[in-house]
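4 protein chains.
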Amino acid sequence: MCRWLAYSGEALRPSTVVLDSQHSLVAQSLRSSLGAETVNGDGFGFGWYPDDGSEPALFHSTEPAWNDRNLRELTRSIRSSLFFSHVRAATSAPVQQTNCHPFRYENWMFMHNGSIAQFHKVKRDLTFAVDPSLYPHILGTTDSEVLFHLALTFGLQDDPVAGLGAAIRHVEEVGRGHGLRFPMQSTVAVSDGSTVWAFRYSSEGRSRTLFHSADVPTLQAMYPDAERLKLFGPRARLLVSEPLNDLPGAFIEVPESTVAIVDSSGYHHRPFLPVA
Amino acid sequence: MCRWLAYSGEALRPSTVVLDSQHSLVAQSLRSSLGAETVNGDGFGFGWYPDDGSEPALFHSTEPAWNDRNLRELTRSIRSSLFFSHVRAATSAPVQQTNCHPFRYENWMFMHNGSIAQFHKVKRDLTFAVDPSLYPHILGTTDSEVLFHLALTFGLQDDPVAGLGAAIRHVEEVGRGHGLRFPMQSTVAVSDGSTVWAFRYSSEGRSRTLFHSADVPTLQAMYPDAERLKLFGPRARLLVSEPLNDLPGAFIEVPESTVAIVDSSGYHHRPFLPVA
Amino acid sequence: MCRWLAYSGEALRPSTVVLDSQHSLVAQSLRSSLGAETVNGDGFGFGWYPDDGSEPALFHSTEPAWNDRNLRELTRSIRSSLFFSHVRAATSAPVQQTNCHPFRYENWMFMHNGSIAQFHKVKRDLTFAVDPSLYPHILGTTDSEVLFHLALTFGLQDDPVAGLGAAIRHVEEVGRGHGLRFPMQSTVAVSDGSTVWAFRYSSEGRSRTLFHSADVPTLQAMYPDAERLKLFGPRARLLVSEPLNDLPGAFIEVPESTVAIVDSSGYHHRPFLPVA
Amino acid sequence: MCRWLAYSGEALRPSTVVLDSQHSLVAQSLRSSLGAETVNGDGFGFGWYPDDGSEPALFHSTEPAWNDRNLRELTRSIRSSLFFSHVRAATSAPVQQTNCHPFRYENWMFMHNGSIAQFHKVKRDLTFAVDPSLYPHILGTTDSEVLFHLALTFGLQDDPVAGLGAAIRHVEEVGRGHGLRFPMQSTVAVSDGSTVWAFRYSSEGRSRTLFHSADVPTLQAMYPDAERLKLFGPRARLLVSEPLNDLPGAFIEVPESTVAIVDSSGYHHRPFLPVA
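Protein chains in written order, with full-length UniProt numbering: chain A, 1 to 276; chain B, 1 to 276; chain C, 1 to 276; chain D, 1 to 276.
It is worth saying that the hints were derived from the structure and are not from the lab. Wrong hints could be hidden among the right ones.
Identical copies look the same in the list; a pair holds intra-copy or inter-copy alike.
[Stated by the list, open to error] Below, computed lysine to any residue pairings styled on SDA-like, alpha-carbon distance capped at 20 Å:
#, residue 1, residue 2
1, Lys121, Tyr105
2, Lys121, Ser24
3, Lys230, Ala11
4, Lys230, Ser92
5, Lys121, Arg13
Produce the entire structure from the sequences given, and follow the hints as far as they go.
So this is what it looks like as structure tokens:
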């Protein structure tokens, strides 16, 4: 599986959270506390929206993140107000740049932690359910990228919550047709460049962890001496696979079957595909 | 497109032809005389049948062959009586190990120079036509690997000439359905570990070049002072995209619409998908 | 050897010249017209000064530039007013990120096309001559990086022209002590983040090519219909191994034994290590 | 630091111990029990002596060993009677093929787990102590490769125990001159193609772990039902950083300040640089 983070807020150097936190994403690549795997060394990705409103840019590498010099250089040299980063622990798909997250389609970015169960059994059915006009945009061979293109097929760009919901329901239907009990395991992040949606859902109801950061002004009031908190503006929000530090109250777990949303109004969440 | 060579005969160090010929395959990677592209620097592959009769082993790299140290080490340290090697000039599929030739299925190896025209348009239809049981074995994203799996679908393992012939006819039928005039361009090498089949065929009747080496005893008689020829045994045969040296008579062009076959009886060829 | 370009002027997307010119640096990586080698596929580098005045950032890759997706993404997503880019044709040093140009020391960037003759013979003497406090900053194994550290040793940061001049004289002295007639072949670019110095010099007086771009307002007046010229501001200046297009007057050769300087006053040049 | 293994004995597929043991070297790359680091994902190497008595061949990769397909292919397809393999956890030197072990000089192979303390401080002194004729053979930038070339300088080829002993004493002398209390930490393996020497030594007397395998006929008698033991011939011997399985008696710790030797007479060991 994998670890990821998504940031939205005042522009800052991505290295602040990708590299320099107590349990930064790069630290998690070598030693994750809450992940299904301890080591997430099978490549990584970093994607950011340039401030001029153009499509997101992607940097993908097959190297482990912990020793990659380019990632250090890049995340210390740019500033961004919306970016994703992901470290991968490959399940079955090969370690190659086209299998690194985040994925992109026009102004949309997508990344995933989790898996489609027994993907080799259902891959063909799921891939052929992707809209033929989207099919040529699949560049790699992961379950995650197929899930993204299914979500696009089912209307992600019009309504991300409905689109991903329908995609997951389709994955579950196909999976159950192949005799799988729990076809879907996921935390997913999606953005259109303005809003970030983060989904925590699994067929089993035992999903990978997902956290959101607390309100920064509140945190700063709680910890007036915490120098590091001064790096963040009042609108800064993180969605993360696991907390970036041990500061009590800094990261709050997102419940099961929930979509967490960060937009100009701040953070809120609501049920997503709840079990009846 | 690409350049490739296939060797069958007495066991020898593959470096003899991969690295050390006047126009070795590695030399061709940097400067090809007859190829559609001068530079074939988008990864390479080397596959060989171990002498114990087991499945072929593959070495794939995304680096240009001309500076790759591992290729030098490997081809200078083993001996093999049947091996393939391929240097790639990527058309559209990304440079990644899973897109490097040769490809393998059980005891079969396959490599390709050429392309399926407008592959992004026909990829979905062609991939759909692969037998569902073979579909999960497609690891990369090239037209070549789809062609191989189509040939397997159409019976390559029972009859390589009929199997690849039917696959190409299918590619042409699908391509023409998409309005393409010349859907297929190819020279292909296939082996089961005993026989090597090399195909030269294109829909247009203007295929990439293909050559076979002359009979070694005859060559040795023609050039009694040629020290290098003494490296080769009497059964040694090469099938190559372009000649490995300038020695008159050493390499003979294989005609259009032809399958060249090297087996225990030596070299022969016959028509393949001839224009009516 | 190699090909490189340096840009200074109004902030623009580096892709404008790295990727999108008629003979962009990436195009030259696959087919250079004037270089000592046609193919420069042994890795590449891109270095830029962020607009906040911090140290330059580096992106290095061992892949050929022509198919590298990260280079496309990065140079299309940032804007920079001073950047270097370099494509490498390895002479003897291995293809690895630490051998990719540009090199950096504090706020200085350095890149090189050319070579120190018979480097394996003189490497020990030259490396010994590097100031012991600078020695640990040598990360790779190229002649170019040793030349940079020799120039730093001889005062590059105080006076780049004198510092590099003294370094080259030292290389020549050591080389001649080893019986070499023409120890140095170079075009070098150096910057401190404000000024760019580009040197054309070889012991033989037959240096690799070096060009500077013409004054942009003059060019725009000459070619009022050239849409592409409108991408450049009035202070834009390029220093390049070979012209990026075939537009007459757009690129002007820098003479032998010359240092070309681009700073806030525009372009000028003066003699560098002239033969007596 | 790192993990390594050395095999000498009847020819076998290296995958037997590199990939397929309970705690194979590749398993250790992801999760080492006894190593200074849990993860050894910064590249790996495999070196083997071909059966024709020629120089050893090397395969080096910067990828983590656990997902590398080429390592699987290679070690499953050849057979060798003497091979080394190493997985790396980089301390300071970059992740690049030239920093992967084993290193080679003529018919000698060398690999190392451990480090020279504060290498950046002593690197210059140690490097310039290497014989000038050997200096150009240093290809990478690790402390380990410098140690190998110092040992060659001090006579490794004539007497490996004396040569490495003198090299370590020199490292200690230089290190103490720089104020270091414990300059050397090491387990080292060396071979000339016939004998394997494995050294366990550290200035502090608290060295990284080192084990040798038990006599195979004895083990087979102890565990008559152990199918896996039947893969090994009576002369098979392993020297390893940590045991490859949990079988009681299968691996025996080599004492501190000891050189373990495997040759045609079997296994024996003797003191190496013992504290007075």
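Results of checking the hints against the structure:
1. Lys121 to Tyr105: Between copies only: 18 Å across chains, 26 Å inside a chain, cut-off 20 Å.
2. Lys121 to Ser24: neither (35 Å within a copy, 30 Å between copies)
3. Lys230 to Ala11: Cα proximity of Lys230 and Ala11: one copy only (13 Å, versus 30 Å across).
4. Lys230 to Ser92: So Lys230 and Ser92 fail the 20 Å test inside a copy (41 Å) and across (32 Å) alike.
5. Lys121 to Arg13: neither (42 Å within a copy, 32 Å between copies)
The structure fails to meet hints 2, 4, 5 from the earlier list, while all remaining hints are met.
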